[in-house]
Structure formats: structure tokens, C-alpha cells
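Protein chains: 2
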Amino acid sequence: MPLPASVQSGTGQLTINQSFSVALSGSHDGSLDSEVQRFQHQLSRQTGIPFRPTSGAAATLQVHADRIRKPVQELGEDESYVLTVADSGAKLTAPTTLGALRGLQTFLQLVQITPAGFAVPSVTIKDQPRFAWRGTLIDVSRHFIPIDVLKRNLDGMAAVKMNVLHWHLSDDQGFRVESKKFPKLTQMGSDGLFYTQEEIRDLIAYAHERGIRVMPEFDIPGHSRSWFLGYPELSSGAGPYTLEGGGAGPYIDPIMDPTRESTYKFLEKFIAEMAKLFPDAYFHIGGDEVDGKQWDANPKVQEFIHAHGMKNNQDLQAYFNQRLEKIVAKNHKTMVGWDDILHPDLPKTIVVQSWRGQASLAAAAKQGYRGLLSYGYYLDLMWPASRHYAVDPMADAAATLTPEQRSLILGGESCQWAEWVTPENIDSHIWPRNAVVAERLWSPQEAKDVASMYARMNAVSLELEWLGLTHRSARLHMLHRMAGTADIAALRNLADVVEPVKDYDRWSDAKGPIDFHSPLARMIDTVSPESDTARHFSDLVQTFAQSAYKDQATETQIRMWLTTWRDNDARLHPVLEQSFFLQEDEPLSQNLSALGATGLEALDYLDKGQPAPDAWKTQQLALIEQAKTRQADLLLMVVVPVEQLVEASAAQPN
Amino acid sequence: MPLPASVQSGTGQLTINQSFSVALSGSHDGSLDSEVQRFQHQLSRQTGIPFRPTSGAAATLQVHADRIRKPVQELGEDESYVLTVADSGAKLTAPTTLGALRGLQTFLQLVQITPAGFAVPSVTIKDQPRFAWRGTLIDVSRHFIPIDVLKRNLDGMAAVKMNVLHWHLSDDQGFRVESKKFPKLTQMGSDGLFYTQEEIRDLIAYAHERGIRVMPEFDIPGHSRSWFLGYPELSSGAGPYTLEGGGAGPYIDPIMDPTRESTYKFLEKFIAEMAKLFPDAYFHIGGDEVDGKQWDANPKVQEFIHAHGMKNNQDLQAYFNQRLEKIVAKNHKTMVGWDDILHPDLPKTIVVQSWRGQASLAAAAKQGYRGLLSYGYYLDLMWPASRHYAVDPMADAAATLTPEQRSLILGGESCQWAEWVTPENIDSHIWPRNAVVAERLWSPQEAKDVASMYARMNAVSLELEWLGLTHRSARLHMLHRMAGTADIAALRNLADVVEPVKDYDRWSDAKGPIDFHSPLARMIDTVSPESDTARHFSDLVQTFAQSAYKDQATETQIRMWLTTWRDNDARLHPVLEQSFFLQEDEPLSQNLSALGATGLEALDYLDKGQPAPDAWKTQQLALIEQAKTRQADLLLMVVVPVEQLVEASAAQPN
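If you're matching them up, the sequences are chains E and Z in order.
If you want my numbering, it's the 1-based position in the first sequence plus 1181.
If you want my numbering, it's the 1-based position in the second sequence plus 1181.
Repeated chains share a single entry, so a pair holds when one copy, or any two copies, can fit it.
SDA-like mimics (lysine to any residue), calculated; alpha carbons at most 25 Å apart, straight line:
{"#": "1", "residue 1": "K1474", "residue 2": "R1441"}
{"#": "2", "residue 1": "K1272", "residue 2": "G1207"}
{"#": "3", "residue 1": "K1457", "residue 2": "T1377"}
{"#": "4", "residue 1": "K1332", "residue 2": "Q1223"}
{"#": "5", "residue 1": "K1332", "residue 2": "A1655"}
{"#": "6", "residue 1": "K1251", "residue 2": "G1207"}
{"#": "7", "residue 1": "K1332", "residue 2": "D1383"}
{"#": "8", "residue 1": "K1529", "residue 2": "R1504"}
{"#": "9", "residue 1": "K1731", "residue 2": "A1751"}
{"#": "10", "residue 1": "K1332", "residue 2": "P1604"}
{"#": "11", "residue 1": "K1731", "residue 2": "M1741"}
{"#": "12", "residue 1": "K1307", "residue 2": "R1219"}
{"#": "13", "residue 1": "K1629", "residue 2": "T1666"}
{"#": "14", "residue 1": "K1332", "residue 2": "Q1218"}
{"#": "15", "residue 1": "K1332", "residue 2": "L1648"}
{"#": "16", "residue 1": "K1332", "residue 2": "R1219"}
{"#": "17", "residue 1": "K1272", "residue 2": "S1261"}
{"#": "18", "residue 1": "K1332", "residue 2": "W1647"}
{"#": "19", "residue 1": "K1547", "residue 2": "V1532"}
Everything labelled a hint here was simulated from the structure, so no lab data went into it.
Work out the full structure, taking the sequences as your base and the hints as a guide.
Now the structure itself:
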């Protein structure tokens, strides 16, 4: 994962044992050399084989790159490669060392355990990406994410061939980059948690070694409260500002003042400093969700709008963006912004990132702007992987574009907004679902088989833990925290079948300003966004239904799950009771047990071949409706298949 | 854990919430300052609460140390402290900052989850160690253990108040310390894996911050083959030597030549260099298991023995040790050696470490030598924690000593020899059992309750994972490796009830020289040395027996386990079959299922109150005998309680 562009299977397999070795020929550079080292280290972790430094013997895997990659990675640089594996050895060739990096990741994913040892099946793979821009946005403002956590996420991105880290570095809740010209940005605009310039250079080098560009985003003129603590003169409002202020939702008032020349002087200096720090050719200025309240309330701003013949706040933002674009361009960067910035006055060189949908992407392309899709790839919405997988940048409105317009769609980015994540659980919010977005952006558009996607996502999820990501292991730690010293087996049974509420439903619980320093360690923070167990159980019930509820083996498996759930609350109740974290989950646990009992009764009716009585059905459906309601911000994901069993048991002919 | 010297419980509890803070008064130094930071970090991990920098308000925990500790930690430095916790706040006082470190670890262990939040119960603890020397030996020669793995083990040692890392740095299989005077020691005497002097200084500083001394061991004149690859002139034999050579057991031939002056010239320079590198006052020269074969075979050595009026090889080693001791003493260090070195010609200043038992410790004490116990604390023997817990340095032969002689017994050390561990699984071989040795050496001799020990060991085991140790999590990764992409639930059921063969029984499988670079990733390398599930199941069966096999609730639990096991092979078989790692475990899996079925049948007989038929009993006992035999170097640990059920079911009156 991602699925290669072309795969031809052969016969036989290449054994991976202690004598495995890699040789480089053609061009190579620092990033390929260190990639080969990482490759061997990762292969050793996955297989448990401590490879020894080789000498003499012919290499198992020959790697050949025609030329070295660019010192600063460019958009559209050749990432293609050809990988041939036979029982006698493997060969990886690529036009650039960047393509060789991608091919090595493919090789790692091909390694399987077999009855005869570790092996790679014989295969010929010709591969290149569908889109040149395949990114992940990580917000580090709402919750600061330390460098080491970002690094392991870069490892994960490289494993699935993503090539852009979009680093959302400032927002209302915190400014996270050291500025030597404007030190108060972090001194007053953060809680003390920010990256030094040295750390940033280190992270960029780390990403570059893995074939990943790093694009910074400084979101202006909205989402910029953190700037105003140190530099209130930038603001359109009166202040004073605090980081903790603001409402319960993502929409926040404070906006930069685009009417003062001093604002542009500030931005000139600031952007010049940041443009040097971040070598990437693209520079993201945000531009989203500009709430015009402060502009409306500021007579000077309104006066400026009238004096310049503008019609409204949108025109004012366009004016701001035009001036901003000139500053960015002067620093030899291309400006990128959210689709809110789209305005015919802006030059066609800019790139528009759509959080609103393929329609705005298509609209931009029709006007000649390049675009990126993020709508549909918001990982913080807690959607199942299949829903992200179904979103294609070229679908819907974009499907009607001319070939030339289509070529303006560069790719897309998943987005991990950080209101509800901490360094502890961010991995599980990004992974493994991000691999599915990576596949959508790399693999041919025809790759759409959901069952295959889930099987491969499961495999890649295990691989990612070997890389050091904690999306699986952190969950266990967090369950132990909530359970104290109690056994967590029963707690895990519950955690395995619940999911967080979807979209922004969690916000609806918030009363008043959200404290981004409060603990995020409840069950909702612990569980995976998508329940594998629930999906598996639902699949079992579908299989059972296809057998007209006759298949014995499937029924046995269904009964096993239902029995476990029915008996679970008795085991779990004492654990829930003694933990303030878990008390809120008692109704969930009771509902799960009730569902287990209901499902077993439905199976009994099905076994007997007699329709379940109406009164029983009515009673069970009431229980099921109740179990569908959100509890402790969680949803019980096995309700629907149990409902299906109840309906089926009642629908039998007499 | 370890249990404090004195605990007085109060009423009420101190709540730990976001406003928790620590204040220091009295003396403080770098190690206490950084310990407070680590303390807050660890408390934050354990509770999920992101503590904010405090200002103004009265601190929740006041820490007061009378004076700062020694810049190089000394044996017997005051480690005592008093900790008082009330609902209004907590106070920790200690004569030294070293004692304050110990008290902070106690506080961390007292934090519990409650229905009302995290809290520490009201308590007054007055605590000090029983023994001044509480160490862990880690062998890094047989398998190299990287610095980061050692660091997390130092974190674990500090959490259980151990204060010595005994670093076994050279042995036949590898020399692991950079010597600038003798670079060939690592260049030729290792596989390229060794510590630079800078890394060593860094580790020592890391240990010091945590109140842990670092004592190096360079094992001579035996266990020294790795020295001879670069410097064959040191050897009593002809060579040439290779790291891979040697037999299948721990006893290896090559020995240093104590008859040549050049040997001492070498050691003078070498020890002078190492004495500067390692600031600790104690310097371990090994001295164990000197196999005299090379001395016997070398006419010059025999000639030397006769010429100097010595009787045998033992006298020659005593001569060597005497000269060595002078070199060590010249470098202002106290020599430590294994009990093999005990010889009346050696000065009383040396310290003798016993791997042979309390008898040799007592013998040494009677002669006026100070001693350390390691017999009974060998973690690589795969004993259960209870067996280590039962070993007391003052027991057996040592119990007959005079008070003055007893005062010569400084403490003890657990030993993690590294023939069968890798950086991946060493944590699970050391932890949590090492916490039990730590308790034996810190807590009063009267602390002997095994059930309490296991409950506390379980709690500390969870705490240690928060510190970054991987004794629990690595197991899951290793199970996944063996299972490929298959679900590991059934595999975990099997892994949970097996233990590695005990003592050195694993060696008996080895044919010819052992390749210390071969993978260690089989089931035996994956499972815990002690099965919690088996112990728990055995306890259940004992409880059931005490109820005369009548208690329904206990029987239900026993049936749940037996049913899981009976049905497990059907689920597990397809997983085992497709993995070369797991094929060897098929008999174990079949035996476990058979035991499950047998146990359930026995329960049926008990439920009916009818004696099980003789023929059935005979058949089951045959199966049980077979299930007791070692398979794939593993033992099935639930055989005995199932046997007990079978016997009980057959022994019922008719």
C-alpha cells in the first residue's frame, strides 16, 4: 500500500535470510545511502534477523539510480521505479535516487512470513505516482506536537510514499516557530512549547532524506490570535488577547488588520526570515475562515474599504492576499492558500487548497489555478477508511474538466487538526487511515476494491508499528491508565467495538472556551477512529445473511462474539466503577451486554426456524434504538448488525 | 515496590489534578532538579494530565533535602527519606538529595486512580535501604545492548531504587569499550558494536542523575577471548582466535597469560585508562570460571608455576589477582571479583561477588572480606519471581555469621547474562522480576508475603512501561512478526500459558558453537519468563479445591479458561502452519487444547459428584505426562492444575 501502477506476478520467491544484502550502482547520494541503512534496519526489525555487514558475495538486492535527486526536492520530480524480484535475486532501477527510495519501501512491504522462512514473491513492478503532491497536514498549534513525534510520522508517510508534510505552524491557540526578528511571537504567543530554528532545520533534513517536502503554513489574516499577544498592533480589534480566549468552536474572531502599512512591513520581515528557514518552493498563508466581525466593528477598516472602492470584506481579503502574494513571490516562493482565497485578482501562479470539496477545486482549475484536494481527507472527522478511500480529486465536479484543466489538479493532502489530539494519541488518529489517502493519491484511479484496501491497510498498520509509530500500542497504555492495576481484557472488549462520534459532534459537548491544556485521556481519546472488530462482525453477519442464515461455521463465530459481549459487563463493571475516567462508560458497557443477549436470542429463533414474536421484536428494537445514541461521546458500532439479526429472526415465515 | 521500611496509613487522600506542583527547599543540585522534571513528566504520562508551569500557589508536594549528595556517588551514602501525605498536601524530607530521589519514586508509585480522580492515600513513610549495594548486572558482550536500551533499564532500576549498574563489558564474544590506548580491542575484538568513551561518559551521567553508580567489569583472566584477536600476545594459548569460536556452553578455554611481564604492562596501561573513564570507586575484574586447559597445555606456564613454588593453577590465578589488585589500587579503586578469586593472599579491601551461594558469601565474610550475593538472582535462569524473592543474602550459611561479619555483606545484584537476549527482548527478561530482587535488597527482611509481592509487581510492571521499558509491548510486536498479518488473539492465548525451559536447559539443544548473530525471535524468545495466566489459573484451582470443588463462581472462571484453551487449536492451527517460526509450536497448541478438554471433563465429573472412571483417569494422566515434556524449548504451565482437577475428579467417593 499504496498499490503500484503495474504488478506482474511471477512464480517462486526470493528468500530473505541472514545473508541478505543490498548493493548500489549508478548514482547515489546521502539520502539514498541513509535510506539503504534504514531499509536494512527496518527489514531486521520486521524479520528479527540481525543482518551482518556483507562482503564479497553478490548482493540479494541490486539498486540502480540513473541520477541523483534535486538538493531541494521539487514538485513533480521523478519518483518512478521498476522492481523485479526473482528467486535468484532482486533488482530495483529508477531514473532518480528519489524513485529508488520509493522502490525500497515497496520491497519492504513485499516481505512475508512463509512456512519456509521470510520471502518476497517473484514479481515485476513498474510504478509511478498518479499525483505529484501527496501530503499530510499536521496542526501543531492547538496541541503542540514534539519533533520526535513528527519524525515517526514522517517515517510513516515515507512508508506509504507521501511526499509533503504541510506543517500548520500557527493558529489562534499557539505560535510554534521561533522567529529571531519577532521573538514575542513565541514568547507571548505560545505556552512555551515551540520549535527552535535549529529543530526545524533538523526536521526538514529528516524529511528530505525520506523524500518528503516540508511546506510551512502561517495562517493569516484569520486564525491568528496568537500573533496578537506579542504584537497587538497587527490586529483589527482592540484586544487584549489571551491564548485561552475564544469560543467553543473552530470559528474565532481576531483578524489581522490589512489596512495598515505597518502590517505589511511586519510581514515583509517575517516572511523573509521564514522563507530562508524553509527551503521548499511553496509557502502556505492559510487564508481560511476569515470571520469579518472585527473588520465590521472597526471604523478605520470600513473607511479603508470605502476609500478603495471595495464592496465588502471579501474584497479586502483579496487586497490583502494580493499584497501578500507579492511579498511571498519576492522571496522566490509560490503562495498556497485555502480555497477561501480564490479571487480573480490573484495571479495564476498560486495554488489553492480545497477544504470545501471538488467543486471549488474544479472552479479554481477552470480559472487556471492549480489546486489540491483536502475535502474528504480530514482525519479528525473520525470517518472510516473506506469513506476517505472513496474520495477522488478527479471525481464529481472535477470529472467534467478538460484534460488541460485536469492537469492543474496537483493532488491532495490529508489533514490532522489538533484540537483533540496529544502527542500520545495523534498517531492513532493519523494511522493507519492516512495510508488509504496515500493510496488514493499514488495509485491508479481504478484501485477501488474496499476489501482489498482493508486487508492491505491491516498489513501496513503492522509495518508502521515496526517503524516506531504508536497507533496500536498507545491504546493499551491508555487503557491501563484508565483501569489502574485491574486487568484490561474486558475493557479492551468494549474499546474494540466503539468509535468516537463523527464529524465535529464532539464540539457540541463543549461548554464555553475549550481548555487545550486539559487532559485528553478518556475512552474517546483512547479508541481507534474505526473499529476493526465491528467491521469484521458486520462482515460476518453479511456472510451469514447471504447463506440465508444457515451457515453453521459463520454462526459459530457470530455466537462467540455475542457471548463475549453478553458476559462482558459482569467482568467490566467493577473496573469501570473504580475509575473516574471510566464511570461515564457504564451505559455503553450495559448496552453492549444487552446487545449480545439480544443477538443470541435472535440466533436461537433463526436456529429454530420460527419467527420471533412481535412483542419480543418491539422490545429489542427499542433497546437497539437506545443503544444507537451517543454515550460518553462514543458510538457502539455493533448495533446495526445485531439489529439485522433481530429483523431477520422476526421476518422468517411461520 | 520495594516496600518501605515503615508505613503508617492515614485517612483521606491527596488529589492529583492539573494544579499539582512541586517545590524544592533546602539544598538542591542538578540531579534533584532534573529528577523533579522527570517526576513531573512521568506523573503526567501516568495520569494523562499535562501539568502547567505553576506560579504563586502553594506547592502540592514540598521537597526538602538537608544537603547535596556526593559528586561521585559513594557506597553507603544516605538514601533515607520521610514522606508524609495528607489531603492538604505532601512533604518529602531527606538528609541528602539522593534520599529525595528515592522518595519521589515512592510518591509516583502511590498515585492511584479512584472514582474521584487520581489521588495518593494519606500516609507517613519512613524509609531507608536494608543493603547499601543493590545492583543489576547487564552483560553486553554476548549480545550488544545499545545505550538507549540501557538508559531505559536505568530508568527502571531507579524506579525500584536500585543503585548499581554492573556493566559486564567484555567477554569471549565481544569487547565493548573503546580503548584509545588499545584500539584493536574493539576493532578486532568486536563485531563493530561497542560504546565510544563519549557514550560511556553520557551513560554514567545519566545513571548518576538517577542515583545509580556504574561499575565496569572487565572479566580476566578467563572469559577473555575477545582480547586476544587484537592482542594475541596476552593469551596463554597459540591462537589464532575468532569471536565465533568456542564450544556450546558457557565454559570457554582461552585464558590470559599471567606469567609474562608484558601482560601486566598491558593491564597497567589499560586499567589506568579505564579507571579514569569510570569514576566509580569499585572496579570489577571478573575472575570467574578460569578453565585451566590452556595453562596446563603451555609448558612455559607450568614451568613458571614450579619455579615460583606454586601448587596449581589456582595459585597462579591468586598470583595474577594479587598483581592485578595492586594495579587497581594504584588507580585508587577497590577491586571486585567473582567468588572464584577468594584466596587468603588477597587484601581484605576487595569485594567478593558470589554466584555460588550464600555459603561462599559467608566464607568470605568469615575471612573478613566484604561480599555481594548474586546466586539466586540470575534472571537468565527463567525462574519465577517468587523463587528469586525467597533468596535472602542473610539466609542459610550467612545466618550463622556474627553481627560484625554480617555487616560485611553489602547487598546483592541480579544478573542478566546475554546469551539469549537481544535489544528487543532484554527488557522482558529483566522486568518485572528485577523489581522483586530490588525489594529483597531494599525492604526489611520480614517482607515475605508472596501474594502481596505479585500484586505489587503487577502494579510496578505497568509503571515501568510508562517509563519506556518494553517488557510488555515488545511481546506483541514479536507475536505479530511470527504470525504475519494473521490475527494474534489465539496465538496470544498460547503464549500466555507457556514459559521458557528453566536454568540452562536451552543450551542442551545447541549443536556446536552458538552463533550469537542468529535471530532470537522464536516463541521462547517472545514469551515472558513467568506466565501470569498460569499462576492465576493455578490460584483459581487452589481456591476451588479449598471449597471442596463446590464454589460455583470459581468453577465458572476455571471453565472459561479451559473452554478458551480447548477451542484454541482450531483457531490457531492455520496461523501456526503458515509461519516457519511457529510450526514448532504445533504440539504445544494441541496439548493445550487437549488439556482444556480434559479439564472440562474433570469438572463435569466433579459436578456430577461421581468418581471419574479409572480408564479415563489413566488415559488423561498419560496425556498430561506427555504435555509436561518440553516442546520447542517451552513448558506448558497449566498442566499441573489440570492434573489436580483430574486427580480430584477420580478421587471422589462413589
